[in-house]
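Novice: Quick note, the sequences are listed as chains V and A, same order.
The opening position of the first sequence corresponds to residue 2 in my numbering, with each subsequent residue numbered one higher.
The opening position of the second sequence corresponds to residue 553 in my numbering, with each subsequent residue numbered one higher.
Treat the hints as calculated values from the structure; they're not laboratory data.
The beta-carbon is built from N, C-alpha and C at its ideal position, and this holds for glycine as well.
One thing to keep in mind: the hints can contain errors.
Listed below are the simulated SDA-like cross-link pairs for lysine to any residue, each with C-alpha atoms no more than 20 angstroms apart in a straight line [as the list claims (entries may be wrong)]:
hint	chain 1	residue 1	chain 2	residue 2
1	V	K89	V	E126
2	V	K15	A	S604
3	A	K561	V	R162
4	V	K169	A	S604
Label-pair distances were calculated between CB atoms; the ranges are [stated by the list, open to error]:
hint	chain 1	residue 1	chain 2	residue 2	range
5	V	S151	A	A662	54 to 64 angstroms
6	V	D17	A	N554	56 to 66 angstroms
7	A	L665	V	K89	49 to 59 angstroms
Derived coverage of chain A by chain V (criterion: at least 3 residues anywhere in the stretch with Cβ under 8 angstroms from a Cβ of chain V; other residues may be distant) [what the hints assert, rightly or not]:
hint	stretch
8	565-573
9	602-610
10	614-622
11	625-632
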Amino acid sequence: MQLDEPRLVALVRKGDQRAYSELVERHLPAIEVYAKRIVNDDTLAQDIAQDVMVVLWQRSSDFNPNKARLTTWLHRIAHNRCIDIMRKRQREVSWDPSESEHPLTESDKPRERQPIDVALMRLPESQRTALVMTYYQNLSNREVAEIMNSSVRAVESLLVRARGNLKKQLETQQ
Amino acid sequence: MNPDEKNQKRAMDVIAAYGAEQSAWPESERGATFDAVQSSDGLRQILSEEASLDSLLQQSARVATLDATQVAQQIAHGLPQRLTLSQRLSRGLEVVAESLSSDVWKPALAASLTLSAGIAVGSTTYEPVEDWSQAEQYSFTVVGEEYSDES
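Okay, chain A solo, but in the shape it has when bound (with noise of 0.2 angstroms):
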């Protein structure tokens, strides 16, 4: 198959796929496929056949009935959004966030946060010492020299 007919095959099945409107037509193989059916009367008769059955889905009655202001009031009024955990920790931020900002609670917060932050810090760097024996090994020492210097 030469690259022409190859075009024509693909605009054929491009034209049985998607019909005559060419805004139906894959964007990429639009200009292509243009092209080929300007180029053979094959496909024109093709694209008239297509054409006619555009037209008759056209006259598909469908509508749309229902009140879309009315729906979303009583979805989003009637019904509790679910919040995943990262929701649910960013609105928790937030409203800390907001509390921080009122000029009420500053001081309260301030001092608080202060507080918080100062026991953290005490109960995580002090380290009662279990182990002795370094001490005990060093006093020894210390008084084995002085014993040694006396005599």
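Excised from the complex, chain V in its bound form (with noise of 0.2 angstroms):
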């Protein structure tokens, strides 16, 4: 039978390490994918996704499960981080997101970048996390709107922006 998160948090809180795994296991794919959208470098954003389990681990009696999903609250973390580095970095270099600085990893090569992933990777950074939070992480227009401290109305004006700047890239594309 499956825990519900709220008791498996509730375990990591006392040290449980089977309990930490459990929850590891189902929340870092996403996070990792997350991070890559929005760094879009593989190893920067492998490390992120790393940073946000240890705050799991460290940290979880900052997770209140009456206010939000624990997805929403990695979420939350992994966001700030990404925003973190990526303002860090355009503060050292002009950094642009959608040149790579690292090399495709070996599961990336094969099927190798799309036309819309580097459209998406020249979308302006709110535009990008709220579109990516919505179509790729299922997360509601509410947590997406918690996650950015903004208003659900702002969510969706930034959604309507997002998709307009694509559809231009992509026909500029081709």
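With the hints as a guide, dock the two chains, each given alone in a separate frame, to form the complex.
Specialist: Written as structure tokens, this is what we have:
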């Protein structure tokens, strides 16, 4: 029988490593893919995903199951890490996230980067975040608004602009 | 704007934001958006345009490569948990409770708890008297009464 997530988090708080493994297996892949779509750097994305899992181990007492789902909490941490890293990089060099600095990983090579990936990386950070969270991570508009410290209307506005920009870019690429 | 126009406008906004997949629309607006699309050629056209973008979004190639089991083991074995004060206290109490449930330590723990309770009660109920004025007054009164009886 599968334990529900608040129960598993309660066990993690007591140092239960099996409960922790169960939660990492459930959430690490989604967080890693999310970070890859946002920072466009596989190595960096893996570091971010592992950092998020460290927070789950060390600070699980900060998670309140009455306020949010665990996935929302983890996405919020991942989002903040991504933003910090991207802003730091932008300060250091004129970094363009659409131009990945690292080679593709073995698992990505066979499919190569699609035009949609290039177009996604050229979106402004906030539009890309709103679209990725809603479309790929299956978070609700309220959850995305909460993560981005914004309103549902503002998130919808970002989504409309993101989709409009994607269409324009894909037309230009053709 | 009449209610129908309002519904159509909102349905257009929903599709423009969330795409053509009904499952992506906000749950509370799914029915109304679907109904609006059914009654409008314009909305059906917009829906098919957004469906093309959705199919392109599906082509995005990103996969997870980290080994979750390995990551979990490395973190859980390599890093200590940061405990809050209440967690530390509750863990301490758990240790005490476990000790109490053990038969070997029961008599010793019971004896030490009884002794501690005795000391605690004794030290809180004993109050040394510092104000002797009332006692002296009382004794003078008694002595005075005796003298007055004699006279």
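Novice: Each hint needs a verdict: does it hold in this structure or not?
Specialist: Evaluated hints:
1. K89/V x E126/V: holds, 14 angstroms
2. K15/V x S604/A: Violated, at roughly 49 angstroms.
3. K561/A x R162/V: holds, 17 angstroms
4. K169/V x S604/A: holds, 13 angstroms
5. S151/V x A662/A: 54 to 64 angstroms: Once the Cβ atoms are compared, 60 angstroms apart, the range 54 to 64 angstroms for A662/A and S151/V holds.
6. D17/V x N554/A: 56 to 66 angstroms: Cβ of D17/V to Cβ of N554/A: about 59 angstroms, so the range 56 to 66 angstroms holds.
7. L665/A x K89/V: 49 to 59 angstroms: holds, 56 angstroms
8. 565-573: holds (count 5)
9. 602-610: Result for this restraint: holds, n = 4.
10. 614-622: holds (count 7)
11. 625-632: Coverage by chain V holds for the stretch 625-632 of chain A (6 residues, Cβ < 8 angstroms).
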